[in-house]
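**Student:** Can you make the complete structure from the sequences, with help from the hints?
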Amino acid sequence: MTGGIRGLRVVDVTSGVAGPYATRILAGFGADVIKVERPGAGDWSRRLPPVKDGTQHSAYFAWLNAGKRGVTLDLSSQRGRDALHRLVARADVVVESVRPPRKAAFGIGHDALAAANPRIASVSVTNFGETGPYRDRRASEITMQALGGMMARNGSRGRPPLKMWGHQAQLIAGANVLQATMAALLWARRSGSAHHADVAVLECVLQFLHSTLMKWSFERVEVGRDAVAAVANGVYPCADGYAGVIVPGSGKMWRRIPELMEDERLADDRFRTLGGRVKYGDEVDALMLPWIVTHDKEEIYHRAQALSLPFASVRDASDILASRHFAERGYFDQWEQPGIGMMKAPGAPFRLDALPWAMSPAPSLGEHNSAVFGGELDMSPDEVAALTEAGVA
Amino acid sequence: MPEQTALPLQGLRVLDLTTSWAGPWCTKALGDLGADVIKIEAVQAYDLTRGPTGREDWRAYARRGAERPYERADTFLKPNRNKRGITLNLKDARGVELFRRLAAISDVVAENYAPGEMERFGIGFDALRALNPRLVLLRMPAIGASGPERDYVGFGSTLEMLSGITGLTGYAGGPPMKSGFWYGDPISGTHAAGAVMMALIEREATGSGQVVEVAQIEALTGFAADAVLQQSVNGRLFERTGNRDLVHAPQGCYETADEDAWIAICAQTDAEWRALARIIGRAEWSDDPALATADNRHARAGEIDAAIAVWACERTQAAAERELADAGVTAGAVYLNRQIFEDAHVRSRSFFEEVTPPVAGTHEYPSSAYVLDGARLATRRPAPTLGEHNREVLGDLLGLGDDAIAALERDHVIGAEPLVDVWAG
Chain A
42 MTGGIRGLRV VDVTSGVAGP YATRILAGFG ADVIKVERPG AGDWSRRLPP VKDGTQHSAY
102 FAWLNAGKRG VTLDLSSQRG RDALHRLVAR ADVVVESVRP PRKAAFGIGH DALAAANPRI
162 ASVSVTNFGE TGPYRDRRAS EITMQALGGM MARNGSRGRP PLKMWGHQAQ LIAGANVLQA
222 TMAALLWARR SGSAHHADVA VLECVLQFLH STLMKWSFER VEVGRDAVAA VANGVYPCAD
282 GYAGVIVPGS GKMWRRIPEL MEDERLADDR FRTLGGRVKY GDEVDALMLP WIVTHDKEEI
342 YHRAQALSLP FASVRDASDI LASRHFAERG YFDQWEQPGI GMMKAPGAPF RLDALPWAMS
402 PAPSLGEHNS AVFGGELDMS PDEVAALTEA GVA
Chain B
577 MPEQTALPLQ GLRVLDLTTS WAGPWCTKAL GDLGADVIKI EAVQAYDLTR GPTGREDWRA
637 YARRGAERPY ERADTFLKPN RNKRGITLNL KDARGVELFR RLAAISDVVA ENYAPGEMER
697 FGIGFDALRA LNPRLVLLRM PAIGASGPER DYVGFGSTLE MLSGITGLTG YAGGPPMKSG
757 FWYGDPISGT HAAGAVMMAL IEREATGSGQ VVEVAQIEAL TGFAADAVLQ QSVNGRLFER
817 TGNRDLVHAP QGCYETADED AWIAICAQTD AEWRALARII GRAEWSDDPA LATADNRHAR
877 AGEIDAAIAV WACERTQAAA ERELADAGVT AGAVYLNRQI FEDAHVRSRS FFEEVTPPVA
937 GTHEYPSSAY VLDGARLATR RPAPTLGEHN REVLGDLLGL GDDAIAALER DHVIGAEPLV
997 DVWAG
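Residue numbers (the working numbering), protein chains in the order written: chain A, 42 to 434; chain B, 577 to 1001.
There could be a bad hint or two in this list.
[As the list claims (entries may be wrong)] Per the computed footprint, the stretches of chain B lying under chain A, defined by three or more beta-carbons under 8 Å from a beta-carbon of chain A, are:
| # | stretch |
| --- | --- |
| 1 | 663-673 |
| 2 | 731-738 |
| 3 | 797-811 |
To be clear, the hints were calculated from the coordinates, so they are not data collected in a lab. Predicted, not measured: the structure shown is a model, and the values here were computed from it. In this text, a Cβ means the ideal position worked out from N, Cα and C, and glycines have one as well.
**Tutor:** Right, here's the structure in full:
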């Protein structure tokens, strides 16, 4: 008899964004995720913005690690590794992001984990993967977006290539970590043996850009910056911000534009096709702009969508939090996070109709040492205290 | 790297009604993992990534060659590998009946129609569940299957705008900028494959399938969670910062001596900053207590950026990258497609593979995003041609004889040639 996601035992030795993003989803659907951090410093993402004003508490860390239990273990010590392997022995899944040069010394290589548990599903997430000449190379979000080909396609010609907001490369990898974890787990369950996934952030980003890579492979074409800027296919300034005005292709959509923008001159036959609109771009823009700049972004979004036009509001966080659609769907999670207060944040990335999603606070550093080492590993309070005293936990 | 011999999803069958990118991206992942994915198109309407369906637009695609252009589109060939392909006209009762028979012997049905469309075909999820309670049913509406905006149309680029990501991407002081690629689609597709496997694991425990809903906007908005939290926790909005980071400084993208060849640099630690100051010829900065912390350096970012830019523009991209690496400073070239294909690391991990679909010929394709048990998830079969496996699937799986298949072909319930006007010359 195998268990489902609820109660699935996950040992999470990841830090930063990619790994914690994946295990956050497992925790939200009811897995028992035990987050293992270094004693003292903890996960470096405990300092990632946004930090609650007047405190040292990162709200982003709290979002990435909500619903997990937290323990500390020094994996450079034998006692720390022993405790880790005892946790692994009773787990279904290990996800780790230890830098490759340290893996063996930390006892976190797949062979060591499989020795501790011959049916373990283990997943590594590192910037460049577990093999290859860049294996030990330093990286940060911007260099992953650069090497992964994202930056060359973003921004304006004549200005520097542009990084996308936030931690997109790491989050892309995080979605792949979730997928790889489920694949390794299903495989371990079906085969009765240990399996391992090696997830490289770089390759996850390259996968996402398959369309431009394929353009090169098929046509030897570089897709540069501004490649997508075209008439009626981009971001336009409007009355209270910006709106996405998108009319794809040469189909029937354009015929609804004169009605939406209240100007019959837009019905000119020359503008009917995508090619025509690009050719007469200045004229088209001049006819569209008076309507766009006199309307608010949300109004543009809803009025265009009422005509089945795929326009968008370029939303900021306050627009998102005020969305009636999200409210009605119960999208946001809310919980009281110690040190921060009420957290209202994006919830489940997807829904399963027979598997509820719920969030609870992220752990403080080593919050569950006693519960996990005592409750799961049968250590006495004295043994736990000795571990803490020795700096192992 | 060696080739996979066994795969995690072997023996599972996926019926794939999805089109475009998000859905096929999900089912490709399931196919890569060994599932028998049966992609369902129609001769009346094929997957739109095969290319436009009107004569006029095809002129722009002429360089793909005159014969069967819909079998040559790179946009279709990559996301549909490791699938079999059949055609079924679901507006014909016989098409629906064949779909129902396939659903009865499948594990997953995936669709990304507008809400309500499956019901109109008579294959709504309630009906399918009654037919096969072990089915996992994946739906991928752009904005969600419920809520006031459920009928709205969303594309990768518009979802990116709604998610908050576009609003914060852009040069400081400039307008928001959307990404130069379809960002929303692969994000929801990647999540969806994980979600389907989650439902398959649940099925092992409960014996029942369930409905998985991936509202693309909800997966994507999580990628701007940091921005949402700044507002909900601190009552303020983040602003566009271009290439600068909120923590590390300096960080930026600098042009090298080669034309339009740039390098991204990020001093992740104070030690990296000191090393960077030395190699750009500003040794005095490395010991300057007024620049010792990232906070100090943020305040003087313009001045520091200018000094790095002067240094960078005097060396080639490759030389700059090497010097920074030797000094222990985090940096990476802004790679163009050609550089990605040539990169020694990427090649050493067998990220690209040669694939030869029957009409399009041989090209290099990106392979799977991750490695399982030391091996890439390779292309076991290229993307199917339209209706390529009609006989195999309807004959072998459902036991239809030659006469029955010929009758279906005659009535265009199935077929291998599009009925749409794709290439009248």
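**Student:** Mind taking a look at whether chain A covers the stretch 797-811 of chain B? Criterion is 3 or more residues with CB to CB distance under 8 Å.
**Tutor:** It holds: at least three residues are needed, and the stretch 797-811 of chain B offers 14 whose Cβ sits within less than 8 Å of chain A.
**Student:** Taking a Cβ-Cβ distance under 8 Å as contact, does the stretch 663-673 of chain B have three or more residues in contact with chain A?
**Tutor:** Contact hint for the stretch 663-673 of chain B vs chain A: violated, 0 residues under 8 Å.
**Student:** If you count the residues of the stretch 731-738 of chain B with a beta-carbon closer than 8 Å to a beta-carbon of chain A, do you get 3 or more?
**Tutor:** With 6 residues close enough to chain A, the hint holds.
Comparing the model with each numbered hint stated earlier shows that hint 1 is the single one that does not hold.
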